[in-house]
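The hints should help you fit chains B and C onto chain A, whose structure is shown.
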Amino acid sequence: MEFKAKDIAALLNGVVVGDPEVIVNNVSKIEEGKPHTLAFLANPKYEHYIYTTAASVVLVNQDFSPVKEVPCTMIRVASAYEAIAALLRMYDSMRKRPTGIEQPSYIASDVTMGETPYVGAFAYIGKGAQIGHDVKIYPQVYIGEGVVIGDRTTIYAGVKIYHGCVIGKDCTIHAGTVIGADGFGFAPSGDNYDKVPQIGNVVIEDNVEIGANACIDRATMGSTRIRKGVKLDNLVQIAHNVVVGENTVMAAQCGVAGTTKVGSHCMFGGQVGIAGHLKIEDRTMLAAQTGVTNDVPAGSIYMGAPAFDAAKYRKCYVLFRKLPDLYGQLRELEKEIQTLKLKQ
Amino acid sequence: MEFKAKDIAALLNGVVVGDPEVIVNNVSKIEEGKPHTLAFLANPKYEHYIYTTAASVVLVNQDFSPVKEVPCTMIRVASAYEAIAALLRMYDSMRKRPTGIEQPSYIASDVTMGETPYVGAFAYIGKGAQIGHDVKIYPQVYIGEGVVIGDRTTIYAGVKIYHGCVIGKDCTIHAGTVIGADGFGFAPSGDNYDKVPQIGNVVIEDNVEIGANACIDRATMGSTRIRKGVKLDNLVQIAHNVVVGENTVMAAQCGVAGTTKVGSHCMFGGQVGIAGHLKIEDRTMLAAQTGVTNDVPAGSIYMGAPAFDAAKYRKCYVLFRKLPDLYGQLRELEKEIQTLKLKQ
Amino acid sequence: MEFKAKDIAALLNGVVVGDPEVIVNNVSKIEEGKPHTLAFLANPKYEHYIYTTAASVVLVNQDFSPVKEVPCTMIRVASAYEAIAALLRMYDSMRKRPTGIEQPSYIASDVTMGETPYVGAFAYIGKGAQIGHDVKIYPQVYIGEGVVIGDRTTIYAGVKIYHGCVIGKDCTIHAGTVIGADGFGFAPSGDNYDKVPQIGNVVIEDNVEIGANACIDRATMGSTRIRKGVKLDNLVQIAHNVVVGENTVMAAQCGVAGTTKVGSHCMFGGQVGIAGHLKIEDRTMLAAQTGVTNDVPAGSIYMGAPAFDAAKYRKCYVLFRKLPDLYGQLRELEKEIQTLKLKQ
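Taken in order, these protein sequences are the chains called A, B and C. Just so you know, this note's numbering puts the end of the first sequence at 349, numbered straight through with nothing missing. Just so you know, this note's numbering puts the end of the second sequence at 349, numbered straight through with nothing missing. Just so you know, this note's numbering puts the end of the third sequence at 349, numbered straight through with nothing missing.
Take the hints with a grain of salt, since some may be wrong.
One copy or any two copies: either way a pair holds, since identical chains are not told apart in the list.
[Said to hold, decoys possible] With a Cα cut of at most 27 Å, we get these calculated DSSO-like pairs of lysine-lysine:
(1) Lys50 x Lys132
(2) Lys320 x Lys284
(3) Lys327 x Lys266
(4) Lys327 x Lys200
(5) Lys284 x Lys101
(6) Lys266 x Lys200
FYI, nobody ran anything at the bench for these hints, they're computed from the structure.
Next up, chain A with everything else stripped away, as it sits in the complex:
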């Protein structure tokens, strides 16, 4: 498909600066721009690319003012990032999605299946499972007994969902993720451990996206709960009885230990670790690799391990890097005091 700059501007409610008739037929990143592609500039770090990009059209923020001539046509929009996301959604929605039930697949006789399903080959749907409308179950997925999956949810290849778990509507779960494996519960018994059975489940609410090869364990009793709008990246670990609040976002390789309650609208960088039995209040932001060992009040920005206020942490870390200097200064003062004492 081909579009003129002026057509895209009309679609996005933007203003063309340059040739409105220039044609694009694909998208590209501004730093890898090619003729007849559309790129975007949202992150100021990439601004210098706009003066040399080969892309024919670049979406820019309304308030962007070039410091020299640009070789491309620009379209000014309220938010370049939101505009490109909207365009990608249009583009993506035109991709043909699989449908129908491929063979061989295994669907237990009493499964409830909604309209227009996709069930890939080698997928397994256990007894009593309830699958909503327009659900896409890719090949090699395992859905245990009594699992419930809401309308329009997509489960990519090889996801494993243990018995009794509940997945909401409009969710996306990427390949290899495991939902509902046993929580890590063992009671010491002499020199050994006895397993504490994990008889709860996992409940994932609507509009949740979970990356690839992540793990969300079932509760010992009750439910491990991922509230609506949560986004979890690849290889994230959520332990038994954790609750993750609405619209919280965790980058890859984060881990949250048992029974911790994470508030809503939190943002965690990659590789963050949170100890068990804690309360992380709403709108907490944690830098990558932060290790949290205590409750965190609402709106905190923390880093370090054990974690504390990020601005304070950065100050301490600047001085950590200067410790050899400080050590030298301390030695110097000792000498001066010695000298002073001798002079007395």
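For chains B and C alone, kept in the frame of chain A given last:
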């Protein structure tokens, strides 16, 4: 099923405080207690919930003495945590387990299969594999050539076990875990690397539990070995030729590099990393996110990266957080010395 | 098979010290050596084992001179590590590899398949995929629409490759790894997030090895790219639009955030984390658990989080461990100055 408080007390060798006739039909967490459920109180952090819980019956430790009136019937037992674990085991043992061989599955012609197996659909069992009695192999499991699996072991959906590995009796391996992939061995060869073939295997002894999406690599030569009673959580990484000693427990996302020997009865928090070729002696405890770069003597409690004694680490970290103050004090002393020098 | 020491020496261009007629029929590690096995000594840390090993033959570096009598026959070679690697490759190449197409498997009608393929049972190959010659696709692998796989590549059990990704020649991808899942891209939209579709792909060049349960996300636009000769260990996370340069090696559980460019010939220890939108130049070495938050110049050796020069970091860390002493010294100086002031 329904039970009276007095029946549960009899079962657990406990003493009823309150109404012995009250009926429960399910379990709950004390903080989410509902009428006609049984909860427990083991962690003192949760003690305040007992004064408001809606649970009808709560298991408590013998030595618990309430500071005000409790709204529920209590059952005093030697250990509330062990008692609830025992009850959950009874409850769990009544859940019906799958049995039989589902179709389609792939079982090579010369596989030895014990009595009363479960083999889920799309499971693959390669040539020469030996499967014990009462083994449960869930759907989409891959068992390579010559693998041996002991009696009563459960392999959840999608586990992959490479050729030649050995799994003991009474083990549980959760979904998505990979056992016996090649160790990470490459020999520099000019600007490139040549692969060092990994011709050893993995041996997992009896009564081991491994979480979901974990990785245990095969040895270069000989065996990577997980000794009896070990418990590994989700996403744990065990490299080639590692040995993990009896009853050692590692929380999620730990990683142990090649050839390191970990002793028995160790406990590692989440996201711990251990360098290669080290010896971690028995009963070592490592705080979450600890990074170990040297051998660790028996009974150590370590934290930090690089790791050292945890109590010492905490003292250092308190002063790390005070570095801006210390820096100020150092500047102050400099001034005072300047003043003293001028006065002389 | 059995070999005499002198035959092995001839094969490796080495020199026998001891009995040239002694026979070996297997390999072992020097610390676990058994009679009639061949071991090797490359790491000086293991040198003491050579004086007690039960192995019959040990490969040693040319420059190794024993400090006392050794109980075994030695073969001196230019590099013991390279020699054993070469022997293991010979040994490994004699292992019979699977071949043919097992049933049931799912191969879309328009798939292009090279000569002498292996396709395991329950493998899925989507529409338009192009599979090279001598490719091995193990059971339960998922290959999405239009995926291209080069000659002689091995895809182990349960790997999932999303639509449109490209894998080079002579690659090895271990079990459970997910290639081409959506990058983690969401645009804030009020209190919620809108998904940014990820319409790019992953390109993996020739001679790459990727461990088990790793994740390499597809690009938002364009390609996430793993250049030739790269080696990634288990559970590594590579985000959207990342580029990893030639022959770079990352140990287990590393994570690289979106759009970061990693140079060639870098070496990262385990659990390293790298923030997004950075440039890590060629031949950078990062200690395990390092956290990188800024660009890194070529040839750097970094550690810490946030990371800086490793030699400097170690000096700072030595003083971090001495902070209680420094604190005491600071208090002492204060007292001495007080005394001096009083005396004036």
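Hint check:
| no. | hint | in the structure |
| --- | --- | --- |
| 1 | Lys50 x Lys132 | neither (53 Å within a copy, 40 Å between copies) |
| 2 | Lys320 x Lys284 | both (26 Å within a copy, 25 Å between copies) |
| 3 | Lys327 x Lys266 | neither (37 Å within a copy, 30 Å between copies) |
| 4 | Lys327 x Lys200 | neither (49 Å within a copy, 42 Å between copies) |
| 5 | Lys284 x Lys101 | neither (43 Å within a copy, 36 Å between copies) |
| 6 | Lys266 x Lys200 | both (24 Å within a copy, 25 Å between copies) |
Hints 1, 3, 4, 5, counting from the list given before, are not met by this structure.
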